[in-house]
Amino acid sequence: MTQKEALTEYLLRLADSDMILGQRLCELCGKAPALEEEMALMNVALDLVGQARNWYEYAAELIDDGRDADKLAFRRDAHDYRNLLLTEQPNEDYAVTMGRQFFYDAWHYFTLKSLVNASNERVAAIAAKALKEVTYHLRRSSEWVKRLGDGTEESHRRMQDAVDILWRFTGELITPDETDRLMAEAGIGPDPEQLKEDWRGMVKEVLQEATLTPQPDDAWMYLGGKRGEHTEHLGFILAEMQFLQRAYPDATTW
Amino acid sequence: MYAQLVETGAKRVKSLDEMSPEERAFQEKIDAEVKIEPKNWMPEGYRKTLVRQISQHAHSEVVGMLPEGNWVTRAPTLKRKLQLMAKIQDEAGHGLYLYSAMETLGADRDEEIEKLHQGKAKYSSIFNYPTLNWADMGAVGWLVDGAAIVNQVVLQRTSYGPYSRAMIRICKEESFHQRQGYQILLDMMREGTEEQKQMVQDAINRLWWPALMMFGPHDDESPNSQQSMAWKIKRKSNDELRQMFIDQTVPQLEYLGCTAPDPDLKWNEERGHYDFGEINWQEFYDVLKGNGPCNRERINTRKKAIEEGAWVREAAVAYAKKQKQRAEAA
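So the sequence lines, in the order shown, correspond to chains A and B.
Note that this note's numbering has the first sequence beginning at 10, numbered continuously upward.
Note that this note's numbering has the second sequence beginning at 253, numbered continuously upward.
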């Protein structure tokens, strides 16, 4: 794998993860538990899809085969998608929605914090803008995890269930593969060991405060999103998200 | 906008002579275009009418997110998706802002929402129509937000201060939504395929009449209008507003290269306005009574969201209480 190939692959992971999680949040439109949450969810989703667009645009330039950001988002099938499995998990209840968000935000935050110092200026610039947004996302989702974990008996049970349900998808966030290592070596991506330590530290701290129990670090983990092997959910997400582009392939303008 | 048939509780408008000294001072203030503020004295009818109108407006913003939520997961490009998401976010914001304006009148947001869920409070009839193809996202922006703006621009001068200020802020964002909506249609008509052009015409065919219904019944069928006008809660009549909307919209329709589903629509040189056909009032009243294509779905979705979210809100309250106790203990 050349460095350019690794960078392209890495950009697609960032873009696809943002895009798919943004899509999941869009599904909640009109269904949030309060109007304030309605606004906050759409706000976070808007940030994520906006960031996805920035990463896609850069990826499209590197791929340079005539496809633009829209083609990358709306015309690739599941096996070409590189999002983290965590992001494609269904909304279920608000505990799962917030748990998923928190695990992702913690990873996203530390990743971007490293990317702002990337040797690649374009990456650093996109990350800098994104980091401001994600700092807020993380603050919000960690607050919700604490509220639900340490709220009522019911919310505690639901939040603990959410942690247990989602845990097996979190290993992927901190299990580096060749692309991650190449990016770290190139001075672009975060040091995998550091990322693992930071993520675990943050998660432990918040879960503890939320009176929740994490699963053991050596629990079995479901990997595969980064190499295009997804859960069954992704196919349905794409079928919905890509409907117009697939149904009207001749349309060049929308 | 988004308020139709708001009850005032008044059978006819009192003359100044018939009013109590307080009512008279109030009416004179209104006549002098002085804004009424939350702490000022106001007749109970005025307060109730405003609560009804502002809550209807707020409910409409929130229910209005649903037909758009129907397409936000299927928007065709990143740009259009982001635009639609931003629009939906604005609407949630408008809802919050309007509920706050309403609460300055002593009403409670949760109680008013409960009335909506019980079918006792209204929201704009337009949101009971389904959004069936992508062009609906353009047509909703152009026609529905367009109709809303015509009403709201006038409401910027409404007599109740907090409502007036809410309208000023909301109008700015709505104008932006309307332009974006029109652009969606224009791009498809100019550069789209035959199928896309058909989508646009289909969306207009379905939404044209419901958009005209947004202005409410004819003036002579609108018994509450007179009192609302006297209180300057309303500033122009339903028919006047509807005509304004038609006059500004038809040239835009022609520019698109589309047609309206109304054979009677034509320019009247003498009147200096467009003539147009009669609205299907039976349909209007049916939808208002709950018998529109999506009335049940819209309310059920909102009810479900609030009911299923109860444990979340309870948790937030319980947590805040614990935090407070901890802070006090420390």
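In case anyone wonders, no lab produced these hints; they're calculated from the structure.
We treat Cβ as the ideally placed atom computed from N, Cα and C, and that holds for glycine.
A hint or two may mislead.
Straight line, CA to CA, 25 Å or less: simulated SDA-like cross-link-like pairs of lysine to any residue [to be verified]:
| no. | chain 1 | residue 1 | chain 2 | residue 2 |
| --- | --- | --- | --- | --- |
| 1 | B | Lys-331 | B | Leu-384 |
| 2 | B | Lys-331 | A | Arg-76 |
| 3 | B | Lys-555 | A | Asn-52 |
Beta-carbon label-pair distances, calculated as ranges [to be verified]:
| no. | chain 1 | residue 1 | chain 2 | residue 2 | range |
| --- | --- | --- | --- | --- | --- |
| 4 | B | Phe-428 | A | Asp-186 | 48 to 54 Å |
| 5 | A | Asp-86 | B | Ala-572 | 41 to 47 Å |
| 6 | B | Glu-289 | A | Ala-256 | 49 to 55 Å |
| 7 | B | Asp-362 | A | Arg-84 | 32 to 38 Å |
Hints, verified against the model:
no.: 1; hint: B:Lys-331 x B:Leu-384; verdict: holds (20 Å)
no.: 2; hint: B:Lys-331 x A:Arg-76; verdict: holds (16 Å)
no.: 3; hint: B:Lys-555 x A:Asn-52; verdict: holds (23 Å)
no.: 4; hint: B:Phe-428 x A:Asp-186: 48 to 54 Å; verdict: violated (44 Å)
no.: 5; hint: A:Asp-86 x B:Ala-572: 41 to 47 Å; verdict: holds (46 Å)
no.: 6; hint: B:Glu-289 x A:Ala-256: 49 to 55 Å; verdict: holds (54 Å)
no.: 7; hint: B:Asp-362 x A:Arg-84: 32 to 38 Å; verdict: violated (45 Å)
Violated hints for the displayed structure, listed by number in ascending order: 4, 7.
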